[in-house]
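Residue numbers (the working numbering), protein chains in the order written: chain A, 1033 to 1428; chain B, 1033 to 1428.
Hints are computed from structural coordinates only; laboratory data are not their basis.
Incorrect hints may have been included.
Any copy will do: because identical chains look the same in the list, a pair fits if it lies in one copy or spans two.
Computed list of lysine-lysine pairs in DSBU-like fashion (alpha-carbon distance at most 35 angstroms, straight line) [what the hints assert, rightly or not]:
1. 1330 - 1196
2. 1107 - 1048
3. 1395 - 1234
4. 1395 - 1289
5. 1148 - 1422
6. 1196 - 1419
Protein chains: 2
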Amino acid sequence: MSIESFFSDNIKAALKNDPPGEWMTATPDGCIRLNSGYPAPDLVPVQQLKSAVVNLIEKEQDLPFHYLGSPKFAKLKEQIQGRLADRGICISKEELLITSGACQAIDLVARILIDKETFVVIESPTYMEALEVFQNYTQYFISVPVDEYGLKTDCLAEMLEERKRQGQTLPRLLYTIPTHQNPTGTTMTRDRRQHLVELAIKYNFLILEDDAYGELSFNKSPIPLMAIDQEDRVIHVGSLSKVVAPGLRIGWVAGAKELITAITWLKKDLDHPFAQATMATYLENINFEERLKILRTKYHTKCTVLISALEQYFPGSVSWYVPEGGYFAWVRIPGVDTSQLLTQALTEGVSFVPGKHFFLDQKNGTEFLRLSFSYADEKEIVEGIQKLGKVVTSNF
Amino acid sequence: MSIESFFSDNIKAALKNDPPGEWMTATPDGCIRLNSGYPAPDLVPVQQLKSAVVNLIEKEQDLPFHYLGSPKFAKLKEQIQGRLADRGICISKEELLITSGACQAIDLVARILIDKETFVVIESPTYMEALEVFQNYTQYFISVPVDEYGLKTDCLAEMLEERKRQGQTLPRLLYTIPTHQNPTGTTMTRDRRQHLVELAIKYNFLILEDDAYGELSFNKSPIPLMAIDQEDRVIHVGSLSKVVAPGLRIGWVAGAKELITAITWLKKDLDHPFAQATMATYLENINFEERLKILRTKYHTKCTVLISALEQYFPGSVSWYVPEGGYFAWVRIPGVDTSQLLTQALTEGVSFVPGKHFFLDQKNGTEFLRLSFSYADEKEIVEGIQKLGKVVTSNF
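Hey, can you work out the whole structure from these sequences and the hints?
Okay, here's the thing in structure tokens:
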């Protein structure tokens, strides 16, 4: 008996679009991890989280261990509403749902909105996990390039107009990381944000705004798309993974009430009272603005160290965008296949993510690589780039 | 603009089958909760969980707060393998996936196996949350009655043979809670278990075994269906919600490797390192068999108190099954609509779940109600049944 013969048609199609097993190369122990999109270990508030969980249990006893009933657990939504309001997004509790990280939020939105024949617009390059999620629902994508000013909305406008003119299906959803994008690190300008929201109205699509890095600008935070949108076209997902810690799995989705109601109904892992109440207690105990200031300063320093090292150790023909926030820098090495480069780099003791993983058509990504300055410390960053520079140089 | 116009066809159909908003009546404060399927507050191991989380953080520092990398987190799968092996289920790591409670496991299995036209066999009555999950994927169900010996496999055999004879679609999946079923509290006999597995082979369907109460037998635990199955027809879901605490959201699904691989790929909330590592530390620190002994004794006592109170305070025409484990007792009050009874009961200060919620065709459940002896303490149970008995008597 083959269990696959029992799989639903949707799943058979999804597994065909996006076959399991293509995990990325594991990073060997001792390797300098310029691949990891993890927060810096010394920026994980270990002691404060420990105090929070101890306070919580002492105060609430069994309550955070039940399905419902923890008073702290109920606070988390308010705290996130507050954070969103600080960024210009004013929403009610019915327009907000806590999820297990941004990734679950993206999956739930995709599940609600995408049919087998739905066209989804994605940035090129884009966050690979999101791309995988979408590929579980559809195989129809429109890739729009990203440059140093974010998604090229003029290209998007042309593509949409051309599709319309030719009577082709128009997209239902566009997925973007407008601020400190993964993987390019670039940020959409205010003008392009405005343009994008106008295009959504004109061509009748929804925008899924992934704001995972939105609070990690080194200088002024850009306005979220949701704060520009006047008619519920933007669905906003966010997360505390990058600013507190990913292991608690706290993210959210904000959007039109009807959408949030539908998502809530379909989300069958229920809530996570222990993790959510721990996070709420932690947030209550700290000054979040102070924490953000520290994070921004530290990541800015690490980013500067990375860029200086690139300038020092990489050949002149290699180019990159200079990040203004977030976790990542995007590097182009003309004429070099970065997947092959990775094998050599791992031997030297440094890791990165080859650019191809961020493209629908992986051929477009062979010359690129993503470097993360979040996880490795400053000394490791310099050492890692030095090693990598040696490998790159040997390929010219 | 209406956001619903963007919903996928599947979701539109699901929302039609299973419209949001039909939540059960909330229990007023101060009410005796004979409705809650929660563990008893004094059986939640608050101090041990606190020690576990403190130990974990002191030992592993930032590791359980990242996406990966916590050594304890990696232990949990082994511990669950061990518990399953004790019950006669021998599976490899590739055949097991940790989920956020049994409910997420059921949803993921449903998502993999159910098409819009798929027939699913359910017990009548059955666990309402599971029924809701299935209704998000299909509207075709075959209800098979449950009696004091569990699912009536002879009825099932007749129904399947009749469908086959008439050339009707045969089911792809059967969902059962064979041990201390929710809501009836009854347990499938060994003969019926064997018969069910044979029927799955003969009529080529899969069995989803929900074993949430499988470790809570007052006497000997029955053999799980998965331990009888010789050809990967049984998918087994379980949970630590009923034997440790639901708030950590630890469940699992065990099944054929290809199924688990597909589920892992589709499960986009990722893992929950903090909660899973906390649970693993707790399990390592305690003697689980000792804990189970205590739970079984306490719940047995509470169940005995409930049944005695029913005998004392309920009219002679009311009947019930005497549970041999689990959390629930199932009561029939001939000629009384238990939904209307609930309104009166809440006024008196006691709560239960009306039987209709556990039936696909809610009309079949009007005379029944589910009582939980897990959450309320013994004094409350007696007082609650006394109050409820008064309300019931006034309806004759």
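Taking the numbered hints from earlier one at a time, note which ones the structure violates and give those numbers from smallest to largest. 1, 5, 6
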